[in-house]
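Q: Using the supplied hints, reconstruct the complex from the two chains, each of which is provided in its own coordinate frame.
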Amino acid sequence: GNSVTQMEGPVTLSEEAFLTINCTYTATGYPSLFWYVQYPGEGLQLLLKATKADDKGSNKGFEATYRKETTSFHLEKGSVQVSDSAVYFCALSGLTGGGNKLTFGTGTQLKVEL
Amino acid sequence: DTEVTQTPKHLVMGMTNKKSLKCEQHMGHRAMYWYKQKAKKPPELMFVYSYEKLSINESVPSRFSPECPNSSLLNLHLHALQPEDSALYLCASSQEGVGANNYGYTFGSGTRLTVV
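Chains A and B, in that order, give the protein sequences.
In terms of my numbering, the first sequence has 55 at position 55, counting the first letter as 1, and numbering is strictly consecutive.
In terms of my numbering, the second sequence has 1075 at position 75, counting the first letter as 1, and numbering is strictly consecutive.
The hints are simulated quantities; they were obtained by calculation from the structure and are not laboratory data.
This one's a predicted model, so the numbers in the text were calculated from it and none came from an experiment.
Not one of these hints is a red herring.
Subject to a maximum C-alpha distance of 27 Å in a straight line, what follows is the list of computed DSSO-like cross-link-like pairs (lysine-lysine):
no.	chain 1	residue 1	chain 2	residue 2
1	B	Lys1036	A	Lys111
2	A	Lys111	B	Lys1009
3	A	Lys52	A	Lys68
4	B	Lys1041	A	Lys111
5	A	Lys60	B	Lys1040
6	B	Lys1022	A	Lys101
7	B	Lys1041	A	Lys77
8	A	Lys101	B	Lys1040
9	A	Lys111	A	Lys56
10	B	Lys1040	B	Lys1022
Bound conformation, chain B alone (with noise of 0.2 Å):
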């Protein structure tokens, strides 16, 4: 299996609604990413994990909860988003260290997110 699943594919949620983007691979990566991409930009690195423990927040609100329950899952939890946020969400996985450099980064097709 040399993919990433990310689902949903779309989700419409409202300001006050909880909700939480799914991803999973089983490629035995040790290293999974979110990144946000917004229409005609590149895409915008949120958080890093590295065995399951959170190496890199890249200054998130707190309204994106990221958690990573084991080796082949990586959940973002959303509350109290704003429409601002609507964007292509991205799950991404790697080898660790020098592996990631090595061997790159398999990316998920995305969640496409949209606040009402």
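So that you can see chain A by itself, here it is in the shape it has in the complex (with noise of 0.2 Å):
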């Protein structure tokens, strides 16, 4: 079956530092992935998503490339702020008999401080 695989946190980070979120995948078929970002007490946000190898996505300074060759969808951003501070799902949805599921990798809970 599909799986995502992120890194474990809380990664903790300085203002302006550099973030990197690690996600590979393991699927059938060519599915599209994501990241979503859940603040306190609130739902899911999509935050970028790509739909086929080698595609980028985008978002609030944020970024992600699908690499089939590394099953990876490794999650950037060049400098963080206080405001990011959030947990962040990476995610896959595919085809399956019954219709589409998304599954969620365990989610990386990231704190940005001054």
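A: Given below as structure tokens:
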């Protein structure tokens, strides 16, 4: 079956530091890949996506590239802010016999300090 | 309208109560989902509706009963829950088929359920 593996958290960074959160996946077929962000007490928001190999998703300074050869979709940001503190989930979407299923990684908590 | 609206935002219920969670979207999405999220864990899929028909039930106990009255509404009926069912319940919607893969899923802000 499909699965997503994320680096363990929490990740603590100083403001303006460079961020990388690693994500690798196992899937059959041609899944799409997503990063979702969850702020405290809220639901999930789609941060960025990529639907095929070598696609780069980007939003709000965050980027991730769909690497089929390494089955990875690492999240990066050049300069984090305190407001980026949240939990980040890597996910993949694939069609199953019953319909679409979104499979999540375990989530990585990011804390950004002044 | 690009939102998924969930009500109520918070719910406290006793183990003998019957309550319902509601979810609404007006994006024309024909796939709708219920997820359960425990603290510090990723969301776990419970049910998938496709064109108002239940297509996936992830072996969820019968004390949770989903309903999709029309293409915009999704309910989750709760009965005889246990304290361990306390969690954040998230509703999501997407286009069907390849559309879900191409455009992603839109999540509501969730209902925080406490069973006492």
